[in-house]
Amino acid sequence: MSTVMESKVRIQREDFSVTDEIEAMKKVSRNIGGIVVFLGTGREMSKGQNITKLSFEHYPKMAEKKLEELRLKAIDDYKIIDMSIIHRIGEIDIGENIVLIVAAGEHRKEAFSACEWAITELKRTTPIWKSETTSTGEVWVQDTP
Amino acid sequence: MITLKYFASLRSIAGKDEESLDLGNETTVQKLSEILAKTTPQIGEMIQGKKILVAVNQDVATLDTVIHDGDEVAFLPPFSGGSK
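Same order as they appear, the protein sequences are chains W and V. So the mapping is simple: our numbering equals the position in the first sequence, first residue as 1, plus 897. So the mapping is simple: our numbering equals the position in the second sequence, first residue as 1, plus 10.
This is chain V alone, in the form it adopts within the complex (with noise of 0.2 Å):
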């Protein structure tokens, strides 16, 4: 089992803040964003265009990226911490 974890604007797009996957014992972010695709077509959208970044046990991951069975697997829109 994979963990997604959904984070600020992303949450409401998919309609919870984490949920688990079973995709085996490998898989990549690329196939995971096609998955997505399916349930949730805009989250899978903006892995795809880039719009959000996607990291793999709290390191920035690439569509190539493998993911492992147990990993953490977060999606993150755009940052606006600190203060202008």
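Bound-form chain W, shown alone (with noise of 0.2 Å):
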């Protein structure tokens, strides 16, 4: 069973239980009306081949640092309540979680679009990198510069 940490922003191997993400979100104020996940998944197919591994590698230290300011910046930004960003690493199975951003608002409408924004922006600016591993060997994804 996984444990919520109290870091709104983490990089982990081990995955993670968006239920209870969610929940630790709800105890952070009781003015949250609205909440927006984004969960990433591993997919099985990429450019018509199937993917038999994939597998995450990031900057440690810029990348934590990375998502954190861009976690400030969404609470800012949007003026919705609290984010929290998790980003895992290492290998992932098709289908297994990867990515989960959770955006708390008083309203769902600047929660939407700040879970939006957070999403595009992490893989904007975040030093985290994927390889896709197929019949035909693996290759490190750069289609999203």
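Just so you know, the hints here were simulated from the structure itself, not pulled from any lab data. Positions of the beta carbon are idealized from the N, C-alpha and C atoms, including for glycine. It is possible that part of the hints are untrue.
[What the hints assert, rightly or not] Label-pair distances were calculated between CB atoms; the ranges are:
| # | chain 1 | residue 1 | chain 2 | residue 2 | range |
| --- | --- | --- | --- | --- | --- |
| 1 | V | Pro-51 | W | Glu-941 | 36 to 42 Å |
| 2 | W | Glu-1035 | V | Glu-28 | 16 to 22 Å |
| 3 | V | Lys-61 | W | Lys-976 | 36 to 42 Å |
| 4 | V | Leu-31 | W | Arg-1021 | 39 to 45 Å |
| 5 | W | Lys-923 | V | Pro-51 | 51 to 57 Å |
| 6 | W | Thr-949 | V | Glu-55 | 31 to 37 Å |
[Claimed, not checked] In silico DSSO-like links for lysine-lysine, alpha-carbon gap of 30 Å or less:
| # | chain 1 | residue 1 | chain 2 | residue 2 |
| --- | --- | --- | --- | --- |
| 7 | V | Lys-61 | W | Lys-950 |
| 8 | W | Lys-962 | V | Lys-41 |
| 9 | V | Lys-61 | W | Lys-970 |
| 10 | W | Lys-970 | V | Lys-15 |
| 11 | W | Lys-958 | W | Lys-923 |
| 12 | W | Lys-1006 | W | Lys-976 |
| 13 | V | Lys-61 | W | Lys-944 |
[What the hints assert, rightly or not] Far from chain V, by Cβ distances over 10 Å, these chain W residues were calculated:
| # | residue |
| --- | --- |
| 14 | Lys-905 |
| 15 | Asp-917 |
| 16 | Gly-930 |
| 17 | Ile-932 |
| 18 | Glu-941 |
Assemble the dimeric complex from its two separately framed chains, guided by the hints.
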């Protein structure tokens, strides 16, 4: 069973519980009226090929720092109450959890906007890399500069 | 000494994940890229062509960024975290 740690931004090998993370967020404030969750999972097909293995690597310290910057900017710019971001690293099986963003606002509108912005920005600015292994070998995915 | 770190696809291009270089008390990303252009030309070209990012002490740098003795310089290929 996974445990919800105090930090709102985590990069970890182990899986997380979406339910536990939502419950933890609900405890942040009694003013939360809407929670939007983005969950990224391991997809089997990529560019027409079957993926047999997915693996994620990060730049320790810088990746955590970028995620915290992103979280604070989301809270500030979109006027949400809080946000948590968890990204897994290491080998991940097809269908497994990869990344979770939980955005909580007083109302749904700002929570939806903040959540979409955060996942797009995460891919653009956080030093995390994905490798995909198919029958033709292992490649580092670099299609999101 | 400065520490150079290579991530993801750059690790196989450089043939290592980390190395130490003695470049005196102070240099710049530009000068470092010129030195690397001689030892690992592909990496040097990618820095100068802005195909990869350079981070100095975990902050994104430019070619003018000054590197001091003891700094950590990381070479970062385009990111691909998250999920489409």
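So, going through the hints one by one against the coordinates:
no., hint, verdict
1, V:Pro-51 x W:Glu-941: 36 to 42 Å, "holds, 38 Å"
2, W:Glu-1035 x V:Glu-28: 16 to 22 Å, "holds, 21 Å"
3, V:Lys-61 x W:Lys-976: 36 to 42 Å, "holds, 37 Å"
4, V:Leu-31 x W:Arg-1021: 39 to 45 Å, "violated, 30 Å"
5, W:Lys-923 x V:Pro-51: 51 to 57 Å, "holds, 54 Å"
6, W:Thr-949 x V:Glu-55: 31 to 37 Å, "holds, 33 Å"
7, V:Lys-61 x W:Lys-950, "holds, 26 Å"
8, W:Lys-962 x V:Lys-41, "holds, 27 Å"
9, V:Lys-61 x W:Lys-970, "holds, 27 Å"
10, W:Lys-970 x V:Lys-15, "holds, 28 Å"
11, W:Lys-958 x W:Lys-923, "holds, 28 Å"
12, W:Lys-1006 x W:Lys-976, "holds, 10 Å"
13, V:Lys-61 x W:Lys-944, "holds, 23 Å"
14, Lys-905, "holds, 17 Å"
15, Asp-917, "holds, 20 Å"
16, Gly-930, "holds, 27 Å"
17, Ile-932, "holds, 19 Å"
18, Glu-941, "holds, 13 Å"
Hint 4 from the earlier list is the only one contradicted by this structure; the remaining hints agree with it.
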